[in-house]
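There are 4 protein chains.
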Amino acid sequence: MTSQKSSSARLQTAPPPTAKEPKRKRGIARVAKLLDAGAAVFAEQGYKAATMTEIAARAGAPIGSLYQFFPNKDVLADALIARYAEHVEAALDRIRAEARELDGTQLGDRLLDVLVTHATERSLALSLLDARWEQPGVRPGILRENLRRRIAEILSIWRPDLAEDQAQAMAVVLFQAMKSLVQLHEEKRYPGKAEAIAQWRGWVQRYLGEI
Amino acid sequence: MTSQKSSSARLQTAPPPTAKEPKRKRGIARVAKLLDAGAAVFAEQGYKAATMTEIAARAGAPIGSLYQFFPNKDVLADALIARYAEHVEAALDRIRAEARELDGTQLGDRLLDVLVTHATERSLALSLLDARWEQPGVRPGILRENLRRRIAEILSIWRPDLAEDQAQAMAVVLFQAMKSLVQLHEEKRYPGKAEAIAQWRGWVQRYLGEI
Amino acid sequence: MTSQKSSSARLQTAPPPTAKEPKRKRGIARVAKLLDAGAAVFAEQGYKAATMTEIAARAGAPIGSLYQFFPNKDVLADALIARYAEHVEAALDRIRAEARELDGTQLGDRLLDVLVTHATERSLALSLLDARWEQPGVRPGILRENLRRRIAEILSIWRPDLAEDQAQAMAVVLFQAMKSLVQLHEEKRYPGKAEAIAQWRGWVQRYLGEI
Amino acid sequence: MTSQKSSSARLQTAPPPTAKEPKRKRGIARVAKLLDAGAAVFAEQGYKAATMTEIAARAGAPIGSLYQFFPNKDVLADALIARYAEHVEAALDRIRAEARELDGTQLGDRLLDVLVTHATERSLALSLLDARWEQPGVRPGILRENLRRRIAEILSIWRPDLAEDQAQAMAVVLFQAMKSLVQLHEEKRYPGKAEAIAQWRGWVQRYLGEI
DNA sequence: AATGAATGAGCATTCATTCAT
DNA sequence: TATGAATGAATGCTCATTCAT
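Residue numbers (my numbering), protein chains in the order written: chain A, 1281 to 1491; chain B, 1281 to 1491; chain C, 1281 to 1491; chain D, 1281 to 1491.
Everything labelled a hint here was simulated from the structure, so no lab data went into it.
Because the structure is a prediction, the values reported are computed rather than measured.
Some clues are possibly wrong.
[To be verified] Which residues of chain C face chain D? A few of them, derived with a C-beta cut under 8 Å, are:
(1) 1326
(2) 1329
(3) 1452
(4) 1456
(5) 1460
(6) 1472
(7) 1479
(8) 1480
[Claimed, not checked] Covered stretches of chain A, as calculated for chain B (at least 3 residues, CB under 8 Å):
(9) 1454–1465
(10) 1468–1475
(11) 1479–1490
We treat Cβ as the ideally placed atom computed from N, Cα and C, and that holds for glycine.
Input sequences plus hints: build the corresponding full structure.
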């Protein structure tokens, strides 16, 4: 009575659903549109409030198409995280490659830019990196962990004499500062915004300069 | 968000629904319990995922009773914000009263503590102060604005020579730092947590010390 | 991300959903109507094809009401089985009480009547007792097992010298004969129906008479 | 069940969709595989729960290919019935050819074997011959009618002095007994299974022996 | 006034069927 | 002709809110 799918489903655990790679040109464009729409809606409304119907509508796609590629809401969210993670990790890798040649001010700037550029994804970042969402073993937590580790690595390359746990703690601080800057950017308009953002940057630069 | 379909709505503007003030002792206690339950559930699940039924259940109250005092979910959320605002504003007022006698380190500590103490409400704070909740004219934005203004006032009292827009920008930075510390606290457990929190505090103290 | 309900749900396994007992008069009547509608629709269309919407509509109830009492389709089906089981088991108990005084013809007739009377539930029986539906540990299988055991008991009381496994095998045969008679009754109209039903009865009577 | 909304349907009656006869060797093999897969899936899950996608997948064929030969689910089901009917009718024809030389025991055995052999199709038979499915003018009813008529013919040949309506009623009884034996076989495992099956056979043999 | 059953719009998801490639 | 992506109506189920008791 309980779900009972294909007979095999009773024996082997069904494979965890994953995003399907589009094969034809049309599909690739559509998946991109769906991801964009998903990013926008998740960012605006949060995971729970975002509706698959609205995401599909905003992508100009029928609901069935959305489900063709992303068999459920979780998978879509994961795909979004993965896409975002790629950007961010690539950016961090680039910084790492040149870390040795940067001074504190430069490194601070470069790190802060990682999350702040890509205006499109900035507000998604807020959702994705949010510590709430948490469910053990699920993506956002892994992403945060991952990013913090990469930042710590950059710090260790940058100042090889830094103790490992020092680098770790600093990475946490820096990562928080990076997210905070996004928050400062994203809030709609408030007195002192521009100046505050400038101060925040300066603050981070000094934090690294003092090492 | 407010759906409001009472037939009269077409003719006269219906009065905006508001939380009902409890009159008797019994009511006061019940409202407190409902608010506590609401805070807990909103904090755990977020606004959308929180259900009125669970909130009532967790308060040990019948659902009808919940609606007696809070005619809809929005009103409950607003009431939660208001209650939280009271705490926080009171705390800021206390700091303001003694601002003149504090040095940078002390002021930093005191400000940071404002959001971090009250462990119960800490994760609610994250929800409430989140820039994403935004809905034009709705509470969280007003609260943020309000708190930033008060912080600016404290700064002006503390360093009377500070230009007004300087104080304003610093207030934005400090408020962001305060929220960030809550985030650092609230995320479940991650390497470097304790040390990072300590560094964050030190960072804020220095920020104020440098003035 | 996966469902995440009340925080407790993460720790304790959520209690398996069960039918809610109606408390007020209105509810009792409504539940009865819902069960009748469910019986009709399940009987006509089978478990999978039956839709909750149609069941609610046929009971003249809004869908929400259906779910108020039967939190999901499985629970409704289980309740139906339970209701049916009660009738049938009671009928078998009555036969058992007088088994000793019956001759083979009488016992055969009485057993055959158990499933055939209650015209309303006759076609539900076909669904419920159907060996397909099967899913280990789920109701219909348990019901069949149960009924066969009771029939075997009746046989043992009726002819105390019967070996236990003899009684068991005979119970299987008789139970199958009982279900078959329902099938003979339920098929809409076909040549020879009345006479065939009579022969089937006679056949069963002789089967018991020969013991 | 047939939804049929081609625009032409409003003007000319659309020709009822039918299974397409495969022309080439490749097609014949593929159709056979599709039918096998269909039989398996329908048998396991029932008509409604079986999905065209799974049937195609299990046949290793693309879904488009399935629809090439069977323009909708009903047509596939009908084709399955037709294929099954052929087997069974052929088997009955063989019995008819030698009916005159059989005694009751032998005839009973031969008839019972008709549905019980072909283990693969046994559980499909349960689905196909099931009196629910009924939809006016649809295949399973016709098949049942057909089989009963053939059984009646066999009886008339076997005992030429049997009145026609006597043969008819007996055919109904025998056909029911044949289906019941399949049910006894198909139910997974239960105490007394083997012995009950033996008794059922004996019972049918005696039924015919008494004529 | 207090309660909790009743309501139904809305949500995630499935799947028969079509049709562009 | 053969394929499998695309489509959207239909399904099971939830939950804010109302209202009879």
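Violated constraints from the hint list, given by number and in increasing order
No numbers; nothing is violated.
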